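If you count the sequence shown from 1, position 67 lands on 67 in our numbering, and the numbers rise without skipping.
Hints are computed from structural coordinates only; laboratory data are not their basis. Quick caveat: nothing in here was measured; it's all calculated off a predicted structure. Hints may be right or wrong, so weigh each one.
[Unchecked claim] 30 Å max Cα-Cα, derived BS3-like pairs, lysine-lysine: (1) Lys67 - Lys99; (2) Lys84 - Lys157; (3) Lys79 - Lys43; (4) Lys211 - Lys79; (5) Lys99 - Lys84; (6) Lys79 - Lys99; (7) Lys67 - Lys79; (8) Lys43 - Lys99; (9) Lys67 - Lys88; (10) Lys218 - Lys79; (11) Lys157 - Lys79; (12) Lys43 - Lys88; (13) Lys67 - Lys218; (14) Lys67 - Lys84; (15) Lys43 - Lys84; (16) Lys99 - Lys88; (17) Lys67 - Lys43; (18) Lys211 - Lys43.
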Amino acid sequence: MGTLRIRREDGEFTLFFRKVSPFSNHHPADFDCDGAINSTEMKRFSCTEQYYMFNKASLLMDRQLMKSVLDSVSPREMKTMCSKGALKGWSDSVWNEHKESVMYTGCTAKFRALRHLRFALFLSTGSRLVECSPFDTVWGIGKDIETAVSGAINTGKNLLGTILDRVREELWQDPEFRDEKEYVEKRIREDGDYLLQAMKHVDLMYKARAKMRFQILKGREPRDVEYYLTSEVRGLLPEWAFPPRLDGTERIEPSPAQFTHFRDDYGSIPINSVSFGARTRSVTPPFRNRRGSRLFGRLTRTEQVPIFHVYQESEQCEQKTSMSKFWELVEKSHTEQKQRQTSEATQQTPTRQGTEGVGPAPEAAENVRGDLNQKRKGDGKRGVVAAHRPQKKTVRGVIKVPHSL
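Use the sequences and the hints to build the structure in full.
Dropping the structure here:
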């Protein structure tokens, strides 16, 4: 997904979702904080998601879980470790009294500590921050970015966006960051569309940086590790607002970037969307295991857009293809595989000729069936027994069963 600032008749909004956005709780951000529940010790966190989950474990005074959260390098793993089903003695009513203050403390510490993320937050000034999570109507709005561009925004509580608005306004008025505020105000006076253009290239910069982090993890380090600092970025952002150089010190483990490229016609309509009447749904790249994915059942084949972007772990990284063509190729591959298996089994069996026609000999047919049965059931006891079980033979309608093995 990413970050997108839009201008509509009902106001301006900054929409965001996924780890590639600097406003996401999963975005890499090292900061120190000592405001955890039941803990006054200063600790270093790698993202706000880690701080949030650490407070869940701290509320239960689970020292082992607190350590596991701090040692984890995956925000998803942190979230799984502290899910409701994994916590003993958990009470939603008790946590609800703390969760918003915990998130506010973590977000404040994050944006106070990191100047490049704080500048991105200042670029959202004059707009309302909205987390476009299609899976969450408490912290988000229950819609993805593509749907929220032209749809209703008030479909969820949007607690995270509201907290980020509060953090931004407090930092905006803080004398410590007056020079950053004055820089943004100066650029706005020079160009009324500066915030839209700057946020657009900040989004592209963090997407390219996320893709590079994953390539470096796979051993494909590019010649220029700062190629994401394009001429447009250098013209719109001051040098002190650039993210730090990639040197492998970020503790959050890189993952395949999941994001959408947005069209330039009005800075709001993304490529990967298709409308059906009054509703719009996002289209995501095909999953290797569609049934096991979080979006399984959300999109039918008729709702999938004809052209979308597939992001692969390759040097090209981006490839356009057709959804209908993709599933046709999958079905064709399965059909060819079955035909190949059948032909291989036929070629390995001897044939006989006689008055009853041409075909595999009964003994060979038994062996083939036994081999296939054994492959299907494995090398266990059932497979061995099934492979040597006597087969029924039919001759002119009379069934004869051999009495000896």
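These are the hints, each one checked on the structure:
1. Lys67 - Lys99: Roughly 20 Å separates the two Cα atoms, so the pair holds.
2. Lys84 - Lys157: It holds: about 21 Å lies between the C-alpha atoms, which stays within 30 Å.
3. Lys79 - Lys43: With Cα atoms ~19 Å apart, Lys79 and Lys43 stay inside 30 Å; holds.
4. Lys211 - Lys79: holds, 23 Å
5. Lys99 - Lys84: Holds. Lys99 to Lys84 sits at ~14 Å (cutoff 30 Å).
6. Lys79 - Lys99: holds, 14 Å
7. Lys67 - Lys79: holds, 14 Å
8. Lys43 - Lys99: Distance ~19 Å between Lys43 and Lys99 Cα, so the pair holds.
9. Lys67 - Lys88: Satisfied, since the Cα-Cα distance of roughly 17 Å is no more than 30 Å.
10. Lys218 - Lys79: holds, 25 Å
11. Lys157 - Lys79: Holds - the C-alpha atoms of Lys79 and Lys157 are around 20 Å apart, at most 30 Å.
12. Lys43 - Lys88: holds, 24 Å
13. Lys67 - Lys218: With Cα atoms ~28 Å apart, Lys67 and Lys218 stay inside 30 Å; holds.
14. Lys67 - Lys84: holds, 18 Å
15. Lys43 - Lys84: holds, 24 Å
16. Lys99 - Lys88: holds, 18 Å
17. Lys67 - Lys43: Roughly 11 Å separates the two Cα atoms, so the pair holds.
18. Lys211 - Lys43: holds, 29 Å
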